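A.B. asks: So the sequences go chain by chain: A and B. Using UniProt numbering, the first residue of the first sequence is number 1, and each one after it goes up by one. Using UniProt numbering, the first residue of the second sequence is number 1, and each one after it goes up by one.
Read the hints as simulated data drawn from the structure, not as lab findings. Just so you know, these numbers come straight off a predicted model, no measurement behind them. Any given hint could turn out to be false.
The list treats identical chains as one, so a pair stands whether inside a single copy or across any two.
[Unchecked claim] Quick list of in silico lysine-lysine cross-link-like pairs, DSS-like style, CA-CA up to 30 Å:
no.: 1; residue 1: K99; residue 2: K15
no.: 2; residue 1: K58; residue 2: K15
no.: 3; residue 1: K108; residue 2: K64
Number of protein chains: 2
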Amino acid sequence: MKHELDIETAANILKLLGDKTRLTMIKILADHECCVCEFVALFQMTQPAVSQHLRKLKDSGLVKESRKGQWVFYSLNPSHTYYDFVRNVISHLPNQLSKLKELEAQGKRISCD
Amino acid sequence: MKHELDIETAANILKLLGDKTRLTMIKILADHECCVCEFVALFQMTQPAVSQHLRKLKDSGLVKESRKGQWVFYSLNPSHTYYDFVRNVISHLPNQLSKLKELEAQGKRISCD
DNA sequence: TTATTATATAAGCATATTCTTATATAAACA
DNA sequence: TGTTTATATAAGAATATGCTTATATAATAA
Numbered sequence: 001m002k003h004e005l006d007i008e009t010a011a012n013i014l015k016l017l018g019d020k021t022r023l024t025m026i027k028i029l030a031d032h033e034c035c036v037c038e039f040v041a042l043f044q045m046t047q048p049a050v051s052q053h054l055r056k057l058k059d060s061g062l063v064k065e066s067r068k069g070q071w072v073f074y075s076l077n078p079s080h081t082y083y084d085f086v087r088n089v090i091s092h093l094p095n096q097l098s099k100l101k102e103l104e105a106q107g108k109r110i111s112c113d
Numbered sequence: 001m002k003h004e005l006d007i008e009t010a011a012n013i014l015k016l017l018g019d020k021t022r023l024t025m026i027k028i029l030a031d032h033e034c035c036v037c038e039f040v041a042l043f044q045m046t047q048p049a050v051s052q053h054l055r056k057l058k059d060s061g062l063v064k065e066s067r068k069g070q071w072v073f074y075s076l077n078p079s080h081t082y083y084d085f086v087r088n089v090i091s092h093l094p095n096q097l098s099k100l101k102e103l104e105a106q107g108k109r110i111s112c113d
């Protein structure tokens, strides 16, 4: 079943994606859960700056969080009305796996298995 | 041949699309040339406000203009590197034909044939 | 030429955005 | 318990955005 998108809401979603940091976050989260400290390492940004971007994404419902011990993991929310739309948009972007690999190489990838 | 998109440029494009007025403009321009005064009628916005949105779109190269007599017509620029990307994004949005029909009904549609 | 119509540009203002630093909260660990 | 680690929130500052009004430019018509 296809949801009918509305242009104003779509504009707001695109505005959220229209920031390099958030767009990269979403691209990564589409395939991999990540916690805040991983993004801090990835983007070379202060922790509050990262948290604030994630909060915007969370407030929109595009992203959800789940606490695992001391960490809070974020992931794309597949039940969002615009989930398919967002996946489609980011599907055309280069994947960011190399960034995650850097993290792993530096031993900064967090895993809870 | 497929162009390789880069995430920073894509974010800038999405930021441009992340405004209700500009997103609607692009959606309309994807199928129909329009001149400034048509958008002024459509959006019930002042002419300078409309011109400034169009200038942003033109500065990005996403949209091109062509003067026809007293009018300046805008259209989507098919040779832009992100043309396919943009078309894909807007393909999921509801079409805005009803707005053009309103214009026609009011005798405000401009045509140069 | 002068007036009208369409459009662009400039300047200013209100608000939004995105950082920064400082501090609060929450879980884990000694 | 107190300390460390991870995260969130608050407040402030710098900049960006999107309008407004006034004015400039360009084409057309009288």
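A.B. asks: Determine for every hint whether it applies to the structure shown.
C.D. replies: Checked hints:
Both within a single protomer and between protomers do K99 and K15 lie at most 30 Å apart by alpha-carbon distance, with minima of 24 Å and 23 Å respectively. In this assembly of identical chains, the alpha carbons of K58 and K15 lie at most 30 Å apart whether taken from the same copy (14 Å) or from different copies (19 Å). Taking the closest pair of Cα atoms, K108 and K64 come within 30 Å of each other only inside a single copy of the chain (22 Å); across copies the shortest separation is 46 Å, beyond that limit.
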